[in-house]
Amino acid sequence: MVQLFNNVNEEVYRAYVFWSAVLVGKMLIMSILTGLQRFRKKAFVNPEDIATMPKLKLKFDDPDVERVRRAHRNDLENILPYFVIAFFYILTNPDVWIATNIFRAVAAARILHTLVYAVVVIPQPARAIAFFVPFVASLYMTVMTVTFFL
Amino acid sequence: MVQLFNNVNEEVYRAYVFWSAVLVGKMLIMSILTGLQRFRKKAFVNPEDIATMPKLKLKFDDPDVERVRRAHRNDLENILPYFVIAFFYILTNPDVWIATNIFRAVAAARILHTLVYAVVVIPQPARAIAFFVPFVASLYMTVMTVTFFL
Amino acid sequence: MVQLFNNVNEEVYRAYVFWSAVLVGKMLIMSILTGLQRFRKKAFVNPEDIATMPKLKLKFDDPDVERVRRAHRNDLENILPYFVIAFFYILTNPDVWIATNIFRAVAAARILHTLVYAVVVIPQPARAIAFFVPFVASLYMTVMTVTFFL
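Just so you know, the sequences run in chain order A, B and C.
Just so you know, the first sequence maps onto residues 116 to 265 in this note's numbering.
Just so you know, the second sequence maps onto residues 116 to 265 in this note's numbering.
Just so you know, the third sequence maps onto residues 116 to 265 in this note's numbering.
Keep in mind that the hints were calculated from the coordinates and are not lab data.
Mixed in with the good hints, there may be bad ones.
Each pair may be met inside one copy or between any two copies, as identical chains are not told apart.
To be verified - Dumping the calculated DSS-like pairs for lysine-lysine here, alpha-carbon to alpha-carbon at most 27 angstroms:
| no. | residue 1 | residue 2 |
| --- | --- | --- |
| 1 | Lys172 | Lys141 |
| 2 | Lys157 | Lys172 |
| 3 | Lys170 | Lys141 |
| 4 | Lys172 | Lys156 |
| 5 | Lys141 | Lys157 |
Using the sequences and the hints given, assemble the complete structure.
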C-alpha cells in the first residue's frame with residue numbers, strides 16, 4: 116500500500132470532495148446557460164442546428180453568448196487545474212482548518228465569478244477579486260505540494 | 116488511512132478506469148483530427164507554421180477545422196469534469212450495476228458525439244442526444260456525491 | 116479496501132505528484148501571461164474591463180494575446196487529460212524507471228512548448244517536437260491502461 120494516503124485527513128478529504136462536486140455542478144450549468152443564450156439570441160454555429168429554421172443564419176459573435184463562453188472557458192482554465200492541485204495538496208498533511216477553508220473559499224469565489232461575469236455583470240473589480248481568490252489559493256497549494264514532494 | 120476508500124468497489128473502480136482511459140484516448144485523437152483538417156484545408160494560424168510555404172496565408176475561420184475544434188472544446192467542457200465527478204461518485208458506495216453502466220453509457224455517448232459532430236455530421240437531434248446522456252449522468256453523479264458528503 | 120492501490124509504487128507516485136504540480140503551476144502562469152499581454156496591447160474583451168478607460172475599444176483579435184491563449188488552450192487539451200491518464204497508468208504497476216522518466220519528460224516538454232509557442236516563438240519543428248513528446252507519452256499510457264484493465 117502506498118504510504119502517501121496515510122497523510123490524508125478524512126475531514127479535509129470530505130471537504131475537498133463535497134466542494135469540488137459543487138463546482139462540477141456549477142460547471143455543468145454553464146452549458147445550460149450557453150444553450151439558453153443561443154436560443155434567446157438565435158445565435159447558432161452549426162448548420163445542422165438551424166436546419167429546421169431556414170430563415171436563420173449562423174451567428175458566431177453574439178456578445179451575450181460569447182460572454183457565457185468566456186466565463187465557461189475561464190472555469191476550464193482555473194477550476195480543472197484546481198481539482199488536481201487540491202487533490203495533491205491533501206496528500207501533504209495540511210492544516211485541517213486552512214485546507215477546509217481554502218476549499219470553501221474557492222468554491223464560493225468561483226460561483227461568484229460566474230455570477231458577476233455571465234449572469235448579472237457587476238462592474239470591476241468584482242470579477243478580478245472572484246478570479247484572484249481561487250488563483251492565489253491554487254498557487255499556494257502548488258507551492259505547498261512542490262516543496263512537500265521535492 | 117482515510118476511511119473513504121473503504122467504500123470503493125473494485126468492479127466499479129476498474130470500469131471507471133477502463134472507460135475513462137478509452138475517453139482519454141478519444142480526446143487525444145481530436146488533436147490528430149484537427150491537424151489533419153488544418154493540412155487538408157491549408158488552414159494554419161501561426162506564422163511559424165507556414166514559414167516554409169510563402170504562398171499560404173493564415174486562415175482562422177475554416178469551417179471544417181472549426182467544427183473539429185468545437186467538438187474538442189465540448190470534450191474539455193464535459194469529459195474532463197466527468198472524470199472528476201465519476202471519481203467522487205465511486206466513493207459514495209454506488210450500486211455496482213448502475214455505476215458500471217453509467218461509465219459504459221457515457222463513454223459510448225461521447226464517442227458517438229464526436230462521430231456525429233466532427234466526423235460524419237449527422238442531422239440533429241443526434242448530437243443533442245449524444246450530448247445529454249453524459250450530461251444527465253454527470254448531473255446525477257453530482258447530486259449523489261453532494262448529498263452523500265453533505 | 117480496493118485492491119488496485121496495492122500496485123502503486125511510492126517512488127512512481129511521488130514523481131507523478133511532483134511533476135504534475137509543476138505543470139499545474141505552469142498552467143496557472145498562462146493566465147498571468149494572457150493578462151500581461153492584454154494590458155500591454157490594450158486588448159480587452161469585456162466592456163466592464165475598460166469602463167474607466169473611455170478611449171479604449173474592445174479588441175478581440177490581437178495576435179500576441181491570441182498566441183498566448185492558443186498555448187493555454189493547448190495546455191487544457193493535453194495537460195489535463197495527461198493528469199488523468201498518468202494517474203491511471205500508475206495503477207498498472209509500471210516499470211519505475213519508465214514511469215518516472217515519462218513524468219519528467221512530459222513536464223519538461225510542456226514547459227518547453229509554452230516557451231517556444233508563447234514566450235519567445237522559436238521556428239518549427241520546435242513546437243511540434245514539444246507537442247508530440249507528451250502526446251505520444253499519453254497515447255502510450257492510454258494503451259497500457261486499457262490493456263491492463265481490459
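These are the hints, each one checked on the structure:
{"no.": "1", "hint": "Lys172 x Lys141", "result": "neither (31 angstroms within a copy, 31 angstroms between copies)"}
{"no.": "2", "hint": "Lys157 x Lys172", "result": "both (9 angstroms within a copy, 26 angstroms between copies)"}
{"no.": "3", "hint": "Lys170 x Lys141", "result": "neither (34 angstroms within a copy, 36 angstroms between copies)"}
{"no.": "4", "hint": "Lys172 x Lys156", "result": "both (12 angstroms within a copy, 23 angstroms between copies)"}
{"no.": "5", "hint": "Lys141 x Lys157", "result": "within (24 angstroms within a copy, 31 angstroms between copies)"}
The structure fails hints 1 and 3 (numbered hints given earlier, in ascending order).
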